[in-house]
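Trainee: Residue-level listing of the chains:
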Amino acid sequence: MKKFLFFLLILFFYKVTAQNKQVLYDFVELPQTLLLNPGAETSYQFHFGLPLLSGLSAEFASSGVVLTDVFSLDHKDINDKISKVLNNLTTRDFIKLNLQIDIFNGGFRIHDSYVSFGLYEEIDVIGYYPKDLITILNEGNTAYLNRSFRISQLTYKADVIGVLHAGISKKINEKLTAGARFKIYSSALNTESSMNTGTFTTVLGTNNIYRHYLSNVNINTKSSGLFNIDDELIDDPATYLKNTFFGDNIGVGVDFGLTYHITPQFEFSGSILDFGFIKHKKNIKNGTLIGSFISEGSNFQYDPDNPENFWNELGNNLGEQLPVKENKESYISWRPTKLNAALKYSFGEKRTEICYDDRYKDFYTDALGIQLYSIFRPLRPQLALTAFYQKSITNKIHTKVTYTIDDFSYANIGAGFSAQFGKVNLYGMLDNILEYTNLSSANSVSFQLGINVIFN
Amino acid sequence: MKSPTTTSIIICFFLITSCYERLDFDQLDNFVSKPIFTFSLNYFSLVPYQFFTASGDQQIEISDIFDVKDLQNVYFLDDVVKLDFNAEIKNEFDREVSIVVEFFNKNNDVLYTFTPLVVESKVLDYIFLDEIKIASNPDILDTSKVKITITLAETGIPLNINDTSEVEFKSSVTLYIESRF
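For the record, the sequence lines run as chains A and B.
Position 316 (the first sequence) corresponds to 386 in the numbering used here; numbering is contiguous.
Position 128 (the second sequence) corresponds to 130 in the numbering used here; numbering is contiguous.
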């Protein structure tokens, strides 16, 4: 239970993100790449994914700290280890968790267009490390006279959603393929806090030894789906699952993407994903803490007619100047919009495959390129730059190796393959494979795998 | 890399050779967070006229009581292991001043008393520190009221009611907390 609470403490400081799937991006042999770029070129006639098995992806990432930093069997004092970890972490460090599972997906071709659709469930959590809050809770204020502890560092977001989507990819001409996807989000759970302000400072006082400031405090927390109408925590997983299928907290979003051949061998692709929002209006519980408060303690009046109550006085002043308020007002949460862009140069052996329209399509066995991924977050956008090499070993076996620089690593190597056995397509992708020698000390690990049935 | 078998072997290699270092989550049982918080407490400033009654009689002693009825509801109270009470006193009066601080429970039983703070005349930088270990004085956490009594030394010379000299009292408390998961 203690360990669970410890992880809950970590998870408390989270904020929504999504997974960078740099290996899967532009892996055009796989229908799942259409979720990363609805304008990806596809050559198959139709496909369907095996229910619950067509797409499973997971990512856990932590910048600044890994499990072995704290829990390694090194016979060092746990207090020293945690203290060292806390000192080394910065406010730019964060932890994120992303799980996504396809419930179903499929697609079919209509002339030069490919229509794809599906439903997936997603858990997204990210939290930034509120260094000042942790410092004051763990060390107190005594050693930090005159230091302003920033309450504003509290930033987290967690989402559990179901996403029903349908998109179309259309070949405009020989050079350009463009696509779009419409999404309906059904939120089972959302909790977030961001854009907060405020500091806590202790300085030498005038009337008393110390003066304490809570300045410009504006803390807001929002939640939907977490508490029921009686303000009781919803602890039934079935309720959350049910609400991912057209619950009361619904939103919409769109994806756009394109692929453009600058020359027959040189192409640009790009996409904007999850440009949308969710309107939360059911099972809402929001909180605000707004105001400023200054205290030098209690001033004794030596008035026998007016006995004093130190705590009441302090509490009343605090409540008046820095009131905690709750409300059940509906609110909008924006989806974390993502950008992908890639340049790819194809080369090597020129091969031919039969296309959906019985024409023959040329392709090259090798490709080199770079990809840029960005996701918008409240504190700052996060970027990942990837160099990749793609190799088609046969017409049915395709591989991709990536090298990514991101917030977690300057040496993130990923690899993936797609293999077609008759109509059955099997794919698997691993990120940060160098970390697999010791997962306990990994800053980031992720994978995607699935099984499709594809008809060319 | 000319056959599907080779590709499969490579992928399987990473899956099979992936391993993890053994971790000991039970270490958390030994983790103790030890924050130290300092907060201002009471302060006052007295001038001679406050020692006179409405009828003009001078008093030797005045006192005030403040309630801390909800102290027991402070959530981290059980984790407090030590209290440091600090006081800074300035006595501009022409006589010695002694200050007695007493802690009472809800039944008005005295739980703890500071050693009387005796500040001689014209001493402007008197500093007092009392360290209270909770293990030795657990009852202090049951405090529900605190009484502060200021007593003037008998000099035989009455105070000048119009004098502007002051007795100034400032105080703070430092809480030493030890909390475990």
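Heads up, a few of these hints could be off.
[Stated by the list, open to error] Interface residues of chain B toward chain A, partial, derived using beta-carbon atoms under 8 Å: (1) Gln29; (2) Phe68; (3) Leu79.
Just so you know, these hints were derived from the structure itself, not from any lab.
None of these values were measured; they are calculated from a predicted model.
No residue lacks a Cβ here, since even glycine has one placed at the ideal position from N, Cα and C.
Trainee: Determine for every hint whether it applies to the structure shown.
Mentor: Evaluation of the provided hints:
no.: 1; hint: Gln29; result: 4 Å, holds
no.: 2; hint: Phe68; result: 4 Å, holds
no.: 3; hint: Leu79; result: 12 Å, violated
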